[in-house]
Amino acid sequence: MNFSYNLLKSFFKKSFPKPKELAEILTMKAFECEEPQKVEGDFLLNIDVLPNRPDCYSHFGMAKEISAIIRKKAKLAKWKLKEEKKAKVEDFIKIKPQNVDSSICKRYCARVIFDVKVQESPKWLKDYLTVCGFLPINNVVDITNFVMVLLGQPLHAFDFEKIEGEEIKVRWAKKGEKILTLDEEVFELDEKVGVIADKEKPIAIAGIKGGKDSGISEKTEIVVIESANFEKSAILSAKRKLDLITEASKRFEHGVSLSLTPFALDFAAFLIQKFAKGKIAKGKIDVLFEKEKKRVIKFDPQKICEILGVKISENQQLEILKSLGFKKLKDNFLEIPEFRGDVVEIEDLAEEVGRIYGYERIKGSSPKTTLTFPENDIQILWEREIKDIFKSMGFTEVINYSFLPEKAISAFGIPFEKINKIKNPASFEFEFLRPTLLYRILENVKKNLPFYSEIKIFEIGNVFFKENGKVVERNTLSGAILGDKFFELKGYLDTLLSKLGILDFWFDFYQPKFDILNLKVWNKIKSSEIKIGQERVGVLGEVSKEILEHFKIQVPVFAFEINLEKLMKIMEKEQEFQPYSFYPAILRDISIICPQKTLVDEIMQILENCGGENLVDVDLIDIYDIDDERKSLTFRLSFQHKERAIEPKEVDELMEKIFKEIEKNPYFEIRK
Amino acid sequence: MELEKEKEKILREIKEAKNLKELEESFKEVQNKIKTFTQKLKKISLPQRKKLGKEINELKEKLEKEYLVKKEILKEKERKKEEFFDITIPPKKIEIGSLHPITLVKNKVEEVFQSLGFEIVLGPEIEDEWHNFDALNIPSDHPARDILSLGKTFYLENKKLMRTQTSSVQIRYMEKHNPPLKIVVPGKVFRKDAIDATHEIEFWQTEGLMVDKGISVANFKEIMEEFLRKFFEKEMKIRLRPSYFPFTEPSFEVDISCVICGGSGCQTCKNTGWIEAGGAGMVHPQVFRNCKIDPKEWQGFAFGMGLTRLAMLKYKIPDIRYFNSGDLRFLKQF
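Chains as they are written, first to last, in the numbering used here: chain A, 13 to 684; chain B, 6 to 339.
Keep in mind that the hints were calculated from the coordinates and are not lab data.
Just so it is clear, the structure is predicted and the values come from calculations on it, not from any experiment.
Just to be clear, a hint being listed does not mean it is correct.
Stated by the list, open to error - Distance condition first, Cα-Cα at most 25 Å in a straight line; then the derived DSS-like pairs of lysine-lysine:
| # | chain 1 | residue 1 | chain 2 | residue 2 |
| --- | --- | --- | --- | --- |
| 1 | A | Lys399 | B | Lys98 |
| 2 | B | Lys218 | A | Lys375 |
| 3 | A | Lys459 | B | Lys193 |
| 4 | B | Lys301 | A | Lys315 |
| 5 | A | Lys433 | B | Lys193 |
| 6 | B | Lys337 | A | Lys502 |
| 7 | A | Lys403 | B | Lys321 |
| 8 | B | Lys98 | A | Lys459 |
| 9 | B | Lys164 | A | Lys244 |
| 10 | A | Lys138 | A | Lys21 |
| 11 | A | Lys458 | B | Lys98 |
| 12 | A | Lys435 | B | Lys157 |
| 13 | B | Lys218 | A | Lys315 |
| 14 | A | Lys433 | B | Lys165 |
| 15 | B | Lys337 | A | Lys497 |
| 16 | B | Lys98 | A | Lys497 |
| 17 | B | Lys242 | A | Lys323 |
| 18 | A | Lys375 | B | Lys239 |
Claimed, not checked - Partial pick of chain A residues on the chain B-facing surface, computed with a CB cut under 10 Å:
| # | residue |
| --- | --- |
| 19 | Glu44 |
| 20 | Ser245 |
| 21 | Ile374 |
| 22 | Asp389 |
| 23 | Ile434 |
| 24 | Lys459 |
Unchecked claim - These stretches of chain A come out as covered by chain B in the derived footprint (C-beta under 8 Å, 3 or more residues):
| # | region |
| --- | --- |
| 25 | 52–66 |
| 26 | 361–368 |
| 27 | 412–418 |
| 28 | 462–468 |
Note that CB positions come from ideal geometry on N, CA and C, so glycine has one too.
Just need the whole structure built from these sequences, with the hints factored in.
Following this line, the structure appears as structure tokens:
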């Protein structure tokens, strides 16, 4: 909010901090204030008034705050109102209490000023308004704005002759009613918008903006000044309906003190009389529904010290609070100033004392706490472990947006009823919550293709979908590598799962029907399900041609996605040391010719069954096609005995057993 | 004669050896050949044997001499070669992976707070209005609620929303645990915004909460200074400025001495010497009551810091859009 340095200074008699110094004081003790800007004989202070301090949305309010900080009195110059004896306000206009809806308005005051000369404002007035960000219009309107920036009470001036029926009402608008505002915008109103109306029609949107027709013009001679206090809820409701925020509505939304209503009205009338030569009709209209109650709070200096963690004497605390307008009552009670609606509890007092005393004077001290034994979320531990393993395997971690565009959902063929839509997305790029990490991962691959011939990336993050109507959020691990590298990727995942201490994982054939999102992502032939026991925890495989075409990627990409929540449940099991043999191993190679469609796993099973416990390792070291029908597989078998060196004779016997078993199958042939 | 012919060839081989390895190989070969000649001697007549034997011995001696001379020459050559070694040749590229800068910063933050006895807690990214707003003392008629909920919050069906701050996890934790409490909550948060160099719709925060008897602003200062000292690995000054958050009272902005210029003033700190590190305050009594904790008995502080911001400061990353870019030219640097 913009403040004029000169206007703030005008409340103080003697010495006042220089602009830069003032900005610093305010920043440290009250509100953040940007570096003052020089503007024609004045300085502009942009002060970020906190939303719980609407009393400082005015120069006088801010001056009182400064007064508490610099310990000097802030006062408004003396002024006196002169009313005409003959003309009474009631002779002009009627405002019946029953015509003021108390759900919109808490207090409604008005005065009438006649014989007004509407003209350009004096220079000093225009200067103040310009610094505060207002465009000078004419003396009457300028004075209402000036009183608002000075005292914080929004006012409105009507041209009396434009008010039909000489009557003012405060009511909810009717559906279908319209208003043309001062800045020539038409608003369609309804029951959610409070209005000021004459006999016929709305003449202003209550507390927000005036109507054009009833506004002040050069021809205006009789002015009705409105000073009212509108309900926050009514302002909020109209704001939501019309999407309209003004200087007035901002102040009402945060709350304006009720005692200001008549005071600001009188002050405005005084200024209009002085600078627009008006005559003030006798009396003022004042419809007040409920007086503000005096509020008190128990003053507990001990508790305040405890909250701040510093010793400040009772007297010193009291002095600070008094300077902020608190009054000491009996029995250690304080009366809260009417304009400080934000002060309710002892913690609020602690803040007042703390900031004026100076947070910089509070020295850090070690907390005296109870000894506790932190137990971290297990997810943290495992995520770290997984990330470290991927890093050591040469993968780069990515973090992508949780939101996806519609085209992503369509491309993956995910049913829209299974995912979550954002009602108010940032843009069409971010309309849905991702049900898979893979879309953005593939996008990453595409993006990096021009710069890298090798890409290995992974991400850990939440995916979101709907299950039985409920929103589900699930921690997921996903990644991709570039090139025709099924077995390399299978190797990475094998290493990952082994390093995580999972023993019974295996790779099964891919069955699309078990993919809850029915992803079109995978090339079904070159894909595999990752299983632990009988539970499916993820899929790895080649990204389908269709999807690669969507991304315009011309190189094969292999990807994976793993349900981390399932995985972590299994990982919670302890990892145990596996004893190993200290004796030398004997290696033997065996080559088997078999039909193309024979699964390597089938032969491995035979080898492992025949080899028994002394066959400690089987590696497939070579695979090549003999012709269209047959292929050759070469395995390296490692034999070892737990308790002694294994004899070559024993190995020969085992090999013989293996040969026999293999040859039982008429399609297998051993190459010797 | 056979030997004469071989002799020439053998000598040539030794002379022409290009390096020590070749020389050794040739010499071995030569010795083998001589051996075969010697064996042949047994089959011929004595006078011839004598003559030939002598020739072979001479050849042998000559060869050995040649061999030793050549060996010295080659050794000298290699020694000379060893005296010149170009270490400026670019290194062989060794590929290891890299973790996202957010992960690195998050890990560090977690480590430091763990060392201070804090527990690391996580919570859901999809939240309800109670945990994200109401319980945090931001009721629906509150001006702050309007700014956050209408302007900055992504809504799903059934009034579910993407959490706008990790503070929601404070509530979840306090609802389930009795004080004393010491937790930090790292995580993603979501705010509707126009994305630019300093604004993101999705970024990372960490939340901290400490509740015990008599916890004070002074304690917060101590913990914060200790954290910053350990995180930036140097002495850090902090200052607290008054602020307003519905869920803390008193509330403050936490400024730290500028990590770029050290406080003398630069572009990053707009010449103030200070940069904003986050918001903090003493837990509002209403928040305690909302979690069924008695504010008369317990006091505590809470703070929120941007992990993304910490990463930008720590690694001097000028634009927030790098983080979600998936650009390996950025990510592989960490």
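Results of checking the hints against the structure:
no.	hint	verdict
1	A:Lys399 with B:Lys98	holds (22 Å)
2	B:Lys218 with A:Lys375	holds (19 Å)
3	A:Lys459 with B:Lys193	holds (24 Å)
4	B:Lys301 with A:Lys315	holds (10 Å)
5	A:Lys433 with B:Lys193	holds (19 Å)
6	B:Lys337 with A:Lys502	holds (23 Å)
7	A:Lys403 with B:Lys321	holds (23 Å)
8	B:Lys98 with A:Lys459	holds (22 Å)
9	B:Lys164 with A:Lys244	holds (23 Å)
10	A:Lys138 with A:Lys21	holds (18 Å)
11	A:Lys458 with B:Lys98	holds (23 Å)
12	A:Lys435 with B:Lys157	holds (12 Å)
13	B:Lys218 with A:Lys315	holds (12 Å)
14	A:Lys433 with B:Lys165	holds (11 Å)
15	B:Lys337 with A:Lys497	holds (22 Å)
16	B:Lys98 with A:Lys497	holds (21 Å)
17	B:Lys242 with A:Lys323	holds (22 Å)
18	A:Lys375 with B:Lys239	holds (19 Å)
19	Glu44	holds (7 Å)
20	Ser245	holds (6 Å)
21	Ile374	holds (5 Å)
22	Asp389	holds (5 Å)
23	Ile434	holds (5 Å)
24	Lys459	holds (6 Å)
25	52–66	holds (count 4)
26	361–368	holds (count 4)
27	412–418	holds (count 4)
28	462–468	holds (count 5)
Consistency note: the structure conflicts with none of the earlier hints.
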